[in-house]
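Fit chain B to the supplied structure of chain A, relying on the hints for placement.
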Amino acid sequence: MFSGYSMSELGAIFAMQGFAGLILFSVFVLMALGLAIIFGQMGVINMAHGEFMILGAYVTYMVSHVFQTWLPGLFGLYFFVAMILAFIAAGLLGMAVEWAMIRHLYKRPLDTLLATWGLSLILQQIYRSVFGAREVGVTIPDWMMGSLPLTDLIEIPINGIFVMVLTVAISAAVYVMMFRSRWGQQVRAINQNRVMAGAVGIDTERTDRLTFGIGCGVAGVAGAAFTMIGSTGPTSGQLYIVDTFLVVVFGGAASLLGTIASAFTISQAQSIMEFFLSGSMAKVLTLLAVVGILMLRPQGLFALKLRK
Amino acid sequence: MKKQRLFELDEALGFALLAAVIFVLFPAILDDFRLNLFGKYLTYAFVAVGLVLCWGAGGILSLGQGVFFGLGGYCMAMFLKLEASTPENTAIQSTPGIPDFMDWNQITALPIWWQPFHSLGFTILAILAVPAIFAFILGTAMFRRRVGGVYFAIITQAVAAIMTILVIGQQGYTGGVNGITDLRTLLGWDIRPDSAKVTLYFVNGILLFACLFVAQAVRKSKAGRILIAMRTAEDRVRFSGYDVASFKVFVFCLGAAFASIGGAMFTLQVGFMSPTLVGIVPSIEMVIFCAVGGRMSLLGAVYGALLVNWAKTTFSESFPELWLLGLGGLFIAVVMAFPNGLAGLYQDFVRPHLGFLHRERARAPAADQSPAE
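Protein chains in written order, with our numbering: chain A, 47 to 354; chain B, 23 to 395.
Hints should not be assumed to be uniformly reliable.
Taking CB as the label site, the calculated pair distances span [what the hints assert, rightly or not]: (1) 108/A <-> 372/B: 48 to 54 Å; (2) 216/B <-> 108/A: 50 to 56 Å; (3) 367/B <-> 149/A: 22 to 28 Å.
Here are the simulated BS3-like cross-link-like pairs (lysine-lysine), alpha carbons at most 30 Å apart as the crow flies [said to hold, decoys possible]: (4) 153/A <-> 244/B; (5) 242/B <-> 153/A; (6) 219/B <-> 62/B.
The hints are simulated quantities; they were obtained by calculation from the structure and are not laboratory data. All C-beta atoms, glycine included, are put in the ideal place defined by N, C-alpha and C.
Chain B extracted, bound-state conformation:
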């Protein structure tokens, strides 16, 4: 097998265009408030990119990505909350020095599993490792037993339900239904003013591109090829001697880590984390971001997340009743009429007019086709 280049010409141009949109266009045309809003949308793009790898490339539909988003978000929120809860700031509490919601729930000492979150290093490690380990356990248990498809979807959805109930039920440790709020500083740097939000927007964009590059590298690697082969004919790959489950576990863990980074950036930019971002409904909405963008396209996922969230904000501001109808219609339309989403429309209608970008590909089209079932 010939080693693939990391970027074909048109893919490189696509990345460059997205970079221009995120780093130049948005900051230029949006005011600080809207920019922060778009930064929030971009945190969902992390999840969508992870889903492109899991679902688009690997055929694993997880309806529990919100769990990983939430784990990352809560890790970051715990760190920020501890920093905000200095004994001086919380002097009016009956136990100063612990987060306010713990005090309200008659908890008098910081629980032991909160302790390590005093350290930023540990927090960043936890943001990457906790969801990945969790995904590893879940994925290993399921994929080793060859559970996939709809069963996997249902079980991940149940996990999302469990996570929400747990977070809401354990109010004293998690802040309950309100979530963890009133976050102030990161290592002494105030995250609340507009200038900080602009900085965070750019950090967010850079991290997103880092994830996109990793995802692109995975897709172009041998593992990426095997994932696509698996999606088409899993048994054939298995009979060829590949350990199918390991590849699935790997991509599922990677997707979880991406979602978690997104969650952490969400907390930083929005200033709180709550269980409404974790449960069944947000998790399945994250899938639609990916589906609208095109389940096979990394860049499409970013545009999908931006577009759907922008539509959500716009419509639910002015016509709240229409939004649910619109979202429901979107789910149906994207499945029935545009299964490849925005990327599919680009492939069908725009790309043919841009022949000069992929002349090389046109010479050997047969090599690209997957074998018929």
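The following block holds chain A by itself, in its conformation from the complex:
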């Protein structure tokens, strides 16, 4: 397996694959954060999560066009505007969905799964009608192009670094929201004991709606970040949904740290194996390992010690 490569080449390979893994890790974390809020804290399975993400990507796509046409001078900054708009758009849609659908189904998690799958089909078709079936890409601002040469053999693309920095920032923001804000406290209280939380005066319905909205909003931001490293099509979201759920379940559904740790493990394993095996076999082996571990340890890597 390793014959034919010199030591330094091997080192470079691991570094490059490791870096590719870090980008994949960022992607997983970005997608999984929103899901960890919705699934981990509320126990709602949102199969349309990928479509909320894609909504963020399409918002970014539109914003980039607006800037190109009317504000070419500020083009370098469009991404930050797009990110905020993506959060708002996905968040509002999320709250609307919660109000119309999810809140009636809290007691029937399996039915939520089917209903949100239906929602994802509808959203996909809407994207296809509005933006066309072909994948669209955005023009990346100049400062994000190119790559940093680290050594002769190792080069690091700047947009990859940007996405990673963004991931760290969003993770930190989610952490602060969950563990330092009043809303986060209420969400965690409801997760531990809904009835009691209601009894001490927390408006559980409002908090649920807000939580779902924020989870979807984070997905929208993730979608915006995606446009920096890949193109967007109507069905792009569906490709990631299984991976994302596995990441969240593998990490232990209620644990934010677990989600990040499992995203790291899965993405690194996959991208390093990808170099030595075909891409599909790497994926199969990774998924098999995750499913196998989940069978032995269904509560995931980091289980919250909680009496249910």
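For chain B alone, kept in the frame of chain A given last:
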């Protein structure tokens, strides 16, 4: 506990009506092409019937039924492909006598796990046993650790993803994304002409009824009662001394075997098997067949599979854009507005007018109620 009769009067009539629809009505009004199409829809009904047992009765939602459908379909396809790949038929290949896609992928000898599929007996055994064993392993691992509900759904969905990636990735052994195509004969009997397709339609119908009878017997047995009790209050059943996991594993294996038979019949009637029928999307669509029919009703599942697939063919022929919207709407509607599907509508609106069919039941309605939570 009084032993239940296998069929109440109205259930027997329902079975008879379905038999009339499948064996008399469809062959009478449909041309050969449409009949074959309906035969294809009925192969999905096998999966839906299995899901009624797993999901409706047992409360286990599997989003990986496509895997079992695919396993059965691929077993049958492997047998038919080997029969079609005689050295005479494949003389132009660099290695005659192996399936064409293997030759295209520079494989020079038949892989060892393909060898037993030369025998029809082994193939039929494999169609029943492979998915059941697979379901047994999966189910035992999960249910013994008391994994259920949404976790089980997610993991079965991941299994469906794995299966698709594996089949597509291992092109030389599985035919890749094209699947296994160009199937010709079954023990020398040509399966391609219309007359053969009509015969296969009837075989398919008979097998479906065999599965329905097995499912009905399971539902009316003690195991069926325990499954329903489990769905309502799993802990109570466990504390009463029943081994909850075994019942779940049993019903999951049975559902897998049904799906596999459906897959094998699909291959026979349609003439190919491909990974597009195995993955996440078809697996979850199979759940909607069951949900539309009514997740508690065996017969409903058959009608649900027929109706949804018929709608799919009709709409995607004429308005391809509308179909996804319609299907998405159907998922939402069936969950929000009609959680019991067609069978529920029948129960609420039709059955009250047919009082003479179930007079006996009306005398003792209290016995039928499950205890409140």
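Subject >> Broken hints, by number >> reply: none
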